[in-house]
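**Q** Residue numbers (our numbering), protein chains in the order written: chain A, 1 to 172; chain B, 1 to 613.
There may be inaccurate statements among the hints.
Derived lysine-lysine pairs resembling BS3-like cross-links, with alpha carbons at most 30 Å apart [as the list claims (entries may be wrong)]:
{"hint": "1", "chain 1": "A", "residue 1": "K49", "chain 2": "B", "residue 2": "K316"}
{"hint": "2", "chain 1": "A", "residue 1": "K122", "chain 2": "A", "residue 2": "K108"}
{"hint": "3", "chain 1": "A", "residue 1": "K49", "chain 2": "A", "residue 2": "K88"}
{"hint": "4", "chain 1": "B", "residue 1": "K326", "chain 2": "A", "residue 2": "K61"}
Hints in this document: simulated from the structure, not taken from any laboratory. Please read these numbers as outputs of a predicted model, since none were measured by experiment.
So you can see what is in the structure, the chains are spelled out below.
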Amino acid sequence: MTHFDLFNLAPSVDLDVAALETQHRKLAMEWHPDRAGSDHHARRLAAEKSAALNDAIKVLKDPVRRAFYVLELKGVKLDSDQSAARVKMPMDFLEEIMEQREALDAVKATRKLDVAHVMAVKIRDARDKTLEQAQRALRRDDVPAATTALGRVRYYTRFLEEVDAFEEELLS
Amino acid sequence: MKGYLQIHDPLKPKGSVVGIDLGTTNSLVAAVIDGKARCLPADEGDGLLLPSVVHYADNGSVVVGKYAAQLLPQFPHDTIKSVKRFMGKSLGDVETKKLGAYQFATGKGVVRFQVKGGQPVTPIEVSGEILRQLKRKAESYFAGKVEQAVITVPAYFDDAQRQATRDAGRLAGLEVLRLLNEPTAAALAYGLDKGVQGVYAVYDLGGGTFDISILELIDGVFQVKSVGGDSALGGDDFDRAIVQKLMTARGISEPTPQQVASMLQLAQGAKERLTDSETTTLDFEGTPFPVSRADFNEWISSLLAKTGASVRRAIKDAGLTVEQVKGVVLVGGSTRVPAVRSYVAELFGKPALADIDPDQVVALGAAIQADLLTNEARKDEVLLLDVIPLSLGLETMGGVAEKLIPRNSAIPIAQAQVFTTFQDGQTGMDIHVVQGERELVADNRSLARFRLAGIPPMAAGMGRVQVIFRVDADGILSVAAKEETTGLEQKITVKPSHGLTDEEIEQMLLDSIDHAEDDMQRRMLAEQRVEAERLLMDGAKQLKENGDLLSADERKSFEQQLTRLAQITRTETDHEALKAAITEVDGLARPFVERIMDRAIGKAAVGHRMEDF
């Protein structure tokens with residue numbers, strides 16, 4: 001059963017998130033172990049269904065995760081390092097991202113969060129544009145183009161996560 | 001034993017369920033009565049707040065609450081305060097040392113306090129005593145059994161701390177229906193009382209812990225978006241900040257345990273007075289030490305800044321901005337401090353809500369949740385969707401922590417990951433479960449280690465082990481590992497290395513049941529002794545008044561019987577044996593008693609006749 005099946009939806013990169021969340025609340029009410037009474041087996045089953053639901057909403061709510069998931073349903077799994085390594089990225093892209101990472105490391109050494117934020121804004125912008133490319137490719141069922149685009153999104157996302165981790169480090 | 005003599009009222013619900021706020025400073029018990037949550041008397045003298053203080057006396061007896069608190073300055077080693085800070089911790093762990101004048105038993109694993117009157121006690125047992133007292137008071141309130149409870153924990157509690165809390169409940173003879181996050185409980189109390197909707201923040205500053213939760217309330221679903229906080233930051237630290245200044249001012253560098261305890265108590269008083277007045281003075285060892293509110297605010301400003309960092313992180317984790325937060329709820333006694341209120345108002349750009357007593361709000365929410373979980377009629381009213389506070393992961397190569405379940409994931413949740421063997425012919429795999437946000441395993445909290453053995457030898461990378469993490473609705477983790485080619489499987493409920501094993505818990509439960517039997521034995525013996533004393537007194541009295549009814553031999557024999565009984569009463573420790581002796585003397589005295597009765601009737605008849613005239 002796919003995450004989309006749980007919500008009775010056809011696989012798609014386009015979702016009405018508000019409607020999805022309303023439906024999630026309805027299903028959560030129905031399936032939560034607290035509603036399953038005291039029977040051990042029923043509770044266990046409810047816990048499993050709730051866990052599946054929680055997993056599904058997490059993926060579907062987020063446009064980035066959702067795009068990766070739609071691609072996965074089309075047979076390309078990019079979520080592990082091994083499988084992603086098989087996607088050949090253009091050399092110039094890799095060089096560009098490498099430079100950005102080095103710049104971020106330098107900023108981290110000086111502990112300048114605002115500079116890191118400026119870099120993150122640029123990267124997020126690039127990520128969003130690339131994500132749109134991926135979404136367009138997925139809509140027309142162009143798996144190779146979607147794979148290349150999401151391959152890039154992966155690098156951008158990693159970069160943004162690193163900025164988050166840096167911010168957290170400074171906060172604590 | 002109060003309930004022993006009370007008559008059960010059939011109109012009162014049997015087996016009532018309660019909500020318990022097991023706090024660092026105070027603990028409370030609440031229940032939903034006639035559809036409304038309210039706190040029940042918890043301490044002797046029926047105060048609602050039970051100071052979370054436990055005193056162990058020489059004779060092995062245990063005192064909980066305000067009387068225990070009074071004993072603290074005199075017996076700093078044997079009186080445990082703020083035990084919550086030790087829950088799920090090992091001796092090596094903490095700031096354990098700075099937390100009081102305790103003496104710890106040496107040894108690995110869980111912290112043990114060396115106290116008077118017996119074996120060293122663990123924080124779980126100490127918390128168990130607090131829970132037992134709350135259970136007892138609730139039972140006497142309801143005049144019936146209380147066996148199920150929702151117990152609250154700081155949202156930021158890790159797996160070890162949660163398990164320790166659940167174990168404490170078990171020790172106190174409570175079935176823990178749910179471990180509920182404190183801020184969620186508070187939101188529940190507000191949400192149901194005030195009918196709020198939208199995104200709310202709960203800022204909970206207690207005696208020893210700080211929690212922040214961001215929740216969304218829509219259509220009866222309370223969805224926790226993110227939680228954060230600091231499990232070792234609270235109002236106690238405000239007291240300590242004052243003590244530090246006092247020590248500097250007096251040039252005290254190595255205070256005695258008694259001095260520490262007394263300074264902390266004075267500091268707490270000063271802190272509370274500064275809520276309503278601008279200046280105060282604390283009198284330590286006969287010399288006054290003045291403190292102004294401005295001083296105090298400055299001393300605690302770095303502590304407040306720490307809470308601000310957690311708040312910003314939690315809002316960010318929720319994917320929200322501070323402007324989207326519709327209201328802030330204050331929880332915990334430490335939010336009475338004016339500097340805390342103004343800091344929170346500034347942080348959120350709006351004054352905080354505090355119309356429900358911040359001391360009671362968590363217990364009230366817990367009672368509501370207990371009612372929701374057990375009351376069939378309310379089942380569909382509200383649902384709580386909570387999250388896990390800290391990321392859960394596994395140790396991978398090079399001591400790196402790989403996260404399987406990131407923090408703030410909604411629970412219940414299950415997540416699987418496949419690991420491959422890295423050596424030819426490898427037959428086992430070590431699974432090391434960790435909790436925390438840091439990159440390296442060493443910086444995170446180690447929850448458990450186990451080994452999946454029996455993997456058939458194959459080439460490196462061919463053996464595939466699937467590890468599944470499951471987190472239940474209480475936020476407690478269980479881990480299963482399965483080798484995919486053979487189907488070989490191993491499951492464990494993660495028992496933290498600094499917790500107690502199931503065997504230890506069982507033993508403690510058995511011990512407490514043994515003690516209950518001892519107590520019962522002692523009580524029955526005491527009752528028989530009273531019975532024997534009464535018989536001896538009656539016997540002596542009758543010999544004196546009616547001894548002429550007996551022959552010399554009879555009298556001598558009866559006196560001997562009484563002497564023997566007097567001796568048995570003093571020395572016998574088995575209540576059954578004493579009871580048998582009493583019955584025997586009673587039987588032997590029977591002919592004597594009959595003669596006395598005859599005489600009495602005669603007297604009465606004579607009396608009557610005389611009166612008639």
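**Q** Taking the hints in turn, state whether each one holds.
**A** Quick rundown of the hints versus the structure:
Restraint check for K49(A) and K316(B): satisfied, since their Cα atoms lie roughly 28 Å apart, inside the 30 Å limit. Proposed proximity of K122(A) and K108(A) is supported: the alpha carbons are some 17 Å apart, at most 30 Å. With a C-alpha separation of about 37 Å, the suggested pairing of K49(A) with K88(A) is violated against the 30 Å cut-off. Among the hinted pairs, K326(B) with K61(A) is consistent with the structure: their alpha-carbon atoms are about 22 Å apart, no more than 30 Å.
The structure fails hint 3 only (numbered hints given earlier).
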